[in-house]
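Please model the complete structure; the sequences and the hints are all you need to start from.
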Amino acid sequence: MLREYVPVLMIFAVSLGVAVLMVVGSHIFSNYRPTPVKAQPYESGIPPIGDTRDRFAVKYYVVAMLFLLFDVEVVVLFTWSVVFRQLGLYGFLAILIFLMLLVVGLVYEWKKGALDWD
Amino acid sequence: MNPELKGFLLLSVAKMLVVFVAVLIWVALLTLMERKVSAWIQNRLGPNRVGPGGLLQPAADGLKNLVKEETLPKVANPILFLLAPAMSFVPALLMSAIIPFAAPLPLDFDFSLPLLGRFVHAGSTPMVVADLPVGFLFVLAISSMGVYGIAIAGWSSNSKYSLLGGLRASAQMVSYEVALGLSVIPILLLAGNVSFSSVIADQQGGLWYVLPLFLAFFLFVVSGLAETNRLPFDMPEAESELIAGFHTEYSSMKFAMFFIAEYANVITVSAMTVTLFLGGWDIPFTAWDQQGGLLQTLATGSFFVVKVMFFVFLFMWIRWTLPRFRYDQLMSLGWKFLIEVATVYFVVIAIAIHLIGRVWGVTDPRAMGWWLFALNLVLCYIVFVLLDRGLVIEGSSPQRRPVPPSVTSEAMES
Numbered sequence: 001m002l003r004e005y006v007p008v009l010m011i012f013a014v015s016l017g018v019a020v021l022m023v024v025g026s027h028i029f030s031n032y033r034p035t036p037v038k039a040q041p042y043e044s045g046i047p048p049i050g051d052t053r054d055r056f057a058v059k060y061y062v063v064a065m066l067f068l069l070f071d072v073e074v075v076v077l078f079t080w081s082v083v084f085r086q087l088g089l090y091g092f093l094a095i096l097i098f099l100m101l102l103v104v105g106l107v108y109e110w111k112k113g114a115l116d117w118d
Numbered sequence: 001m002n003p004e005l006k007g008f009l010l011l012s013v014a015k016m017l018v019v020f021v022a023v024l025i026w027v028a029l030l031t032l033m034e035r036k037v038s039a040w041i042q043n044r045l046g047p048n049r050v051g052p053g054g055l056l057q058p059a060a061d062g063l064k065n066l067v068k069e070e071t072l073p074k075v076a077n078p079i080l081f082l083l084a085p086a087m088s089f090v091p092a093l094l095m096s097a098i099i100p101f102a103a104p105l106p107l108d109f110d111f112s113l114p115l116l117g118r119f120v121h122a123g124s125t126p127m128v129v130a131d132l133p134v135g136f137l138f139v140l141a142i143s144s145m146g147v148y149g150i151a152i153a154g155w156s157s158n159s160k161y162s163l164l165g166g167l168r169a170s171a172q173m174v175s176y177e178v179a180l181g182l183s184v185i186p187i188l189l190l191a192g193n194v195s196f197s198s199v200i201a202d203q204q205g206g207l208w209y210v211l212p213l214f215l216a217f218f219l220f221v222v223s224g225l226a227e228t229n230r231l232p233f234d235m236p237e238a239e240s241e242l243i244a245g246f247h248t249e250y251s252s253m254k255f256a257m258f259f260i261a262e263y264a265n266v267i268t269v270s271a272m273t274v275t276l277f278l279g280g281w282d283i284p285f286t287a288w289d290q291q292g293g294l295l296q297t298l299a300t301g302s303f304f305v306v307k308v309m310f311f312v313f314l315f316m317w318i319r320w321t322l323p324r325f326r327y328d329q330l331m332s333l334g335w336k337f338l339i340e341v342a343t344v345y346f347v348v349i350a351i352a353i354h355l356i357g358r359v360w361g362v363t364d365p366r367a368m369g370w371w372l373f374a375l376n377l378v379l380c381y382i383v384f385v386l387l388d389r390g391l392v393i394e395g396s397s398p399q400r401r402p403v404p405p406s407v408t409s410e411a412m413e414s
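Just so you know, the protein sequences line up as chains A and B, in that order.
My numbering puts the first sequence at residues 1 to 118.
My numbering puts the second sequence at residues 1 to 414.
Each hint should be verified, as a subset may be incorrect.
Result set (BS3-like, lysine-lysine): computed pairs, CA atoms no more than 30 angstroms apart in a straight line [said to hold, decoys possible]: (1) B:Lys68 x A:Lys38; (2) B:Lys336 x A:Lys59; (3) A:Lys112 x A:Lys38.
Computed footprint of chain A on chain B, listed as stretches where at least three residues anywhere in the stretch have a Cβ under 8 angstroms from a Cβ of chain A [claimed, not checked]: (4) 76-90; (5) 125-135.
Honestly, the hints are just simulated from the structure, not real lab data.
Note that CB positions come from ideal geometry on N, CA and C, so glycine has one too.
Set out below in structure tokens:
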């Protein structure tokens, strides 16, 4: 039933309201006196060197892409596991083939070194 | 609006406010508990000046955070910088909405208020803010939302430490979310439903899932620790290398919001572990708690809190006892160990359920639970022997350095 989702919307609204109140409240009660040094990003007390918006390790992209694949897999497996007992052997064999394809991919990634983190 | 719907909405608002306030107070007390537990483990006293035994310390901290000077780096992206704490705070509290915290309460009312009209409600009320039919899928979705807050906080600060912390946090959280999801699949195989209330009902009929699915419990707790960015997985804010990670540039209430989000996540992960593996609000060895009534609701509610506090304490105990992983070990553990073990595990459990249920014809859930428990003992032996030998995670076993020849010759002479 769709009305079960109404309380989720309520708690979302309340927590968003509290979050806004906290930020606004601390903005009102605190005094902000910026100085040029205070407005610098923290870098262990030395003047910041270079810009942060630079290139960073491509590994993080690889992890994000692998995550997309495997998270979709998890969601598919959720739907399968709920009806597993009704599906019987046929459903089990079908999901085994699906898993085999994924495992082949995972083995390939592993051998290619996509999971290594030097 | 019909009176019945209004009754439902009234109850929902009441439950929602109770849970929301309870979680916030709980978080405040956890900050104190964390410091007290750490003090106890490190043989110190901990905070004891504000109020009796330091009980008012969270209030003092909150007040201090409220009036602290805000900081905003000049190079930061101001909109995202302000948005990030809220994006981390809201999902953390949203997760608490779907966990059943006590036995259903039979509640009938029928009254009228001026202006608002008639409110009607009859029958038992599930003690959960939103008893969603999608259950665990909602958890998976909302916990992914939490990643945005941290990643945006790291990026928008435009500080190198923040960026590194945010990147590490997002990579770590998405990696362990896969393991978290996979470790829940055996539960769905047994329960046959994703909603939390049916998972609890199934555990009441048979064994608590911690026995028949012990390995899944282990995987779930480990991935849960990593999801909440707690030690030994707190790479995102490894203070010895990244100052404070993604919230380096935050101060005052915005910093406090990240803190609240972290502790709210600790509570929800503990509560989820209890719900999925320890029977939720179920009191073991008695059917009294399922009769329904005010007393039963209060008793099961308190018992639920006790169970959750045990896991919260476990999390703190682990934090103050274990050293931190190296980042490559962390990612290896997630991708090369937990995901593979969880995949093989649920396939084995699926075969076992099919064999025990269909081929051997065991229909009693309790008997099936004990058979699965026996299987789990065997599997645990295999897995923990693998873990101990350090075959999968590089550097997890002590390195055997070759003994320098001078030492051996000296030892032989003497």
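Take the C-alpha atoms of B:Lys68 and A:Lys38, compute the straight-line distance between them, and say whether it is at most 30 angstroms.
14 angstroms, holds
Mind checking, does the region 125-135 of chain B have 3 or more residues with a CB under 8 angstroms from chain A?
Check passed, 5 qualifying residues.
With a cut-off of 30 angstroms on the C-alpha distance, tell me whether A:Lys112 and A:Lys38 pass.
46 angstroms, violated
Could you grab the alpha-carbon distance between B:Lys336 and A:Lys59 and see if it respects the 30 angstroms cut-off?
Distance ~15 angstroms between B:Lys336 and A:Lys59 Cα, so the pair holds.
How about the region 76-90 of chain B: do at least three of its residues have a C-beta closer than 8 angstroms to a C-beta of chain A?
holds (count 6)
Going down the numbered hints, you'll see the structure goes against just number 3.
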